[in-house]
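Chemist: Sequence:
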Amino acid sequence: ESHLSLQGDLGFAPEGIRVDMDLASEGIAWDTIERVIDKAKADKPVDEKAPSSWPRIEGTLRCRTESFTYGVFTWKPLHASVNFSQEDLRVAVTEADICGISTLGAVNLDGEDILLDFRLITKDGDLAPTFPCLSDTERQVTGRFDLIGHVRGTARGDAVVQALQGNLELSARSGSILR
Numbered sequence: 376e377s378h379l380s381l382q383g384d385l386g387f388a389p390e391g392i393r394v395d396m397d398l399a400s401e402g403i404a405w406d407t408i409e410r411v412i413d414k415a416k417a418d419k420p421v422d423e424k425a426p427s428s429w430p431r432i433e434g435t436l437r438c439r440t441e442s443f444t445y446g447v448f449t450w451k452p453l454h455a456s457v458n459f460s461q462e463d464l465r466v467a468v469t470e471a472d473i474c475g476i477s478t479l480g481a482v483n484l485d486g487e488d489i490l491l492d493f494r495l496i497t498k499d500g501d502l503a504p505t506f507p508c509l510s511d512t513e514r515q516v517t518g519r520f521d522l523i524g525h526v527r528g529t530a531r532g533d534a535v536v537q538a539l540q541g542n543l544e545l546s547a548r549s550g551s552i553l554r
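Last residue of the sequence shown: 554 (this note's numbering), numbering continuous.
Just so you know, these hints were derived from the structure itself, not from any lab. Note that the structure is predicted; figures quoted are calculated from it, not measured. It is possible that part of the hints are untrue.
[Claimed, not checked] Computed spacing ranges between beta-carbons, pair by pair: (1) 389 to 414: 15 to 23 Å; (2) 472 to 430: 15 to 23 Å; (3) 396 to 499: 30 to 38 Å; (4) 499 to 380: 16 to 24 Å; (5) 526 to 395: 28 to 36 Å; (6) 550 to 464: 18 to 26 Å; (7) 527 to 399: 37 to 45 Å; (8) 509 to 430: 23 to 31 Å; (9) 451 to 389: 15 to 23 Å.
Think of the CB as a built atom: it goes at the ideal place given N, C-alpha and C, for glycine as much as any other residue.
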C-alpha cells in the first residue's frame, strides 16, 4: 500500500484539465501501479476506435519519493518532473540514486515508443554495498570506485532495456574480492 500526498492546482476548462501539482510519497512500487492499471483495463476493455470519454489532461507533476521500486531495483530517493499531454509524456529525473550510483536523465513516451537517456555518476563510491545491489552474486567486494556513464535507447515496451547502448567508465581501487 502506498500513500501519496498531492498539493497544487487543477484547472478545469472546456478543452480539458490542466494539472500543476507536487506529489510526495515515502515509497512507490511500479508493480503496484501496474496492477491497478491492468485491473482497470480488465474491468473495462478499451475500444481503440471509440472516442475517449476522458477529458484532455495536460500539465506537470513534480514527484518526490523517498524510494521508487521497479522490479528488483530500488532508487532512493527519486525526484522527477513529469510533463504530460494527450500526445506524449516526458519525465526529467533530477535526483535518483540506485545502489550508490546517481542516475539522472529522461524517459520520454511518444505513442508506443519509449526513449531512455541517462547519465550514471559516482565519485569515490563504496563497492561493498554497490556490488551485491547490482548483481545476483554473494561475493564480498571491498574498495572504492568512480563511475561515469551514458546509456540511451529507444524501443517499444519492455524491449527498451535490450535497446540500451552507451559507454561506461569504471575505475576501482583499494579493494579486494573476498569470495
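Chemist: Broken hints, numbered, in rising order?
Modeler: 1, 2, 4, 6, 7, 8 and 9
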